[in-house]
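Here is how the chains run, residue by residue.
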Amino acid sequence: MAGIDTGGGHGGKRSTNHEIPLIPFIDFLLCLVAFLLVTAVWSQMARINADARVPGPPKDEPPEDVKKEKQLNVEMKETKFVLIWKEGNTVVNTIEVEKKAVPVGNEGDIRYPDLAKKIVEEWTQNGSHRGDLKDDKKTDQAILHTDNSTPFSDVVAVIDAIYTPKRDCSICERGKSVKLPGFNVTFSVN
Amino acid sequence: MSEKPLSRFVQPIAQPGRRLLHHIPLRFVRKKVSGGGQRSVNQEIPLIPFIDFLLCIVLFLLASFSASGELPIDKNVKLPNAENVLDMTDAPMVAVTGTQILVDGTPAGNTRAIVEANRLQRVDELFNVLKNKRELWKQLNPGKEFSGIVVLQVDRKVEALVVKSVFQTAAFAGYPNVSFMVGRLGQQG
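First to last, the protein sequences are chains W and U. By the count of our numbering, the first sequence reaches residue 522 at its end, each step adding exactly one. By the count of our numbering, the second sequence reaches residue 212 at its end, each step adding exactly one.
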């Protein structure tokens, strides 16, 4: 067994050799392993947000100057995406992006990197709320227009692309700045 | 351990060698148990590599430990994966499988009526269950602000019409902050 041997301890003196009790230590480690194995979480689940509160969560004070903000409408067509910046009912800008799905993993997931890239460019140029969330509590609004028969996995791929642009939030977690999506997504019901 | 020191100075670190049963004070017992000139019948179990192995397991499990616990996922739901995700939150769980809608594992309507009508509509049973949950929360937490968060577990093959109907129903029932549960994909570049 493991021990510390100084070679002394003769001549009626108290021995300076010591045995380290390894068996209780192993028992403790085994208990720890068993506990951690029982409580282990093997699945990596997360969430993707979609908010029905447009233009944002309610506030206590009444709005002073109701200004129509730019909203990004993302239309899912059969062969392309149409990005439309609208200010109320006025169309400010229209951009078309080719619908190029890139398969990811082996579970049938797809991504739209071209759409994500275009949305990042558009948000950088036209987004109204790009600063730290500490100074600007509002978030740019994106409205997703999709066909009723579109599978949910495609909808998630588009929402994921819309959430690619990120902004800082120094008040979300104590002591460190985190990145949050630059858009808040909701669905069009038309 | 030899009884004589290796040099005229006392060695602070012992010479490596067998330890098990070599410290028995009675010489004849020690000789007997450690072999007595013959091959010893006693075997030493290599405990140090075993402890190293256990420590590695403990460190790995501690690194992957999550205090929030495991999330209940419906067996029939195959979730899509996404990259730009947020951490999970504690909220009512609405699972949408092929035709069934479940709230925290309890049936709360089905999607057949939506598919047959082929238009966006409110799911009354789900609306009532969520509304009751909201009222119960408000009774249990008077004076506290209701977050209105609900998590939807939607199968990847479910049509957008059903998703939008459930989304709208949740918003009508007082849960406008809807999150979709997804698997976490690794961040690129």
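It should be emphasised that the hints constitute simulated quantities derived from the structure, not laboratory data. Be aware that one or more of the hints could be misleading.
To be verified - List time: in silico SDA-like cross-link candidates among lysine to any residue, alpha-carbon distance up to 25 angstroms: (1) W:Lys-418 <-> W:Glu-439; (2) W:Lys-469 <-> W:Lys-432; (3) W:Lys-432 <-> U:Met-116; (4) U:Lys-98 <-> W:Thr-482; (5) W:Lys-508 <-> U:Leu-208; (6) U:Lys-55 <-> W:Lys-469.
So, going through the hints one by one against the coordinates:
no., hint, in the structure
1, W:Lys-418 <-> W:Glu-439, "violated (36 angstroms)"
2, W:Lys-469 <-> W:Lys-432, "violated (34 angstroms)"
3, W:Lys-432 <-> U:Met-116, "violated (33 angstroms)"
4, U:Lys-98 <-> W:Thr-482, "holds (23 angstroms)"
5, W:Lys-508 <-> U:Leu-208, "holds (23 angstroms)"
6, U:Lys-55 <-> W:Lys-469, "violated (81 angstroms)"
Checked against the numbered hints given earlier, this structure breaks hints 1, 2, 3, 6; the rest are met.
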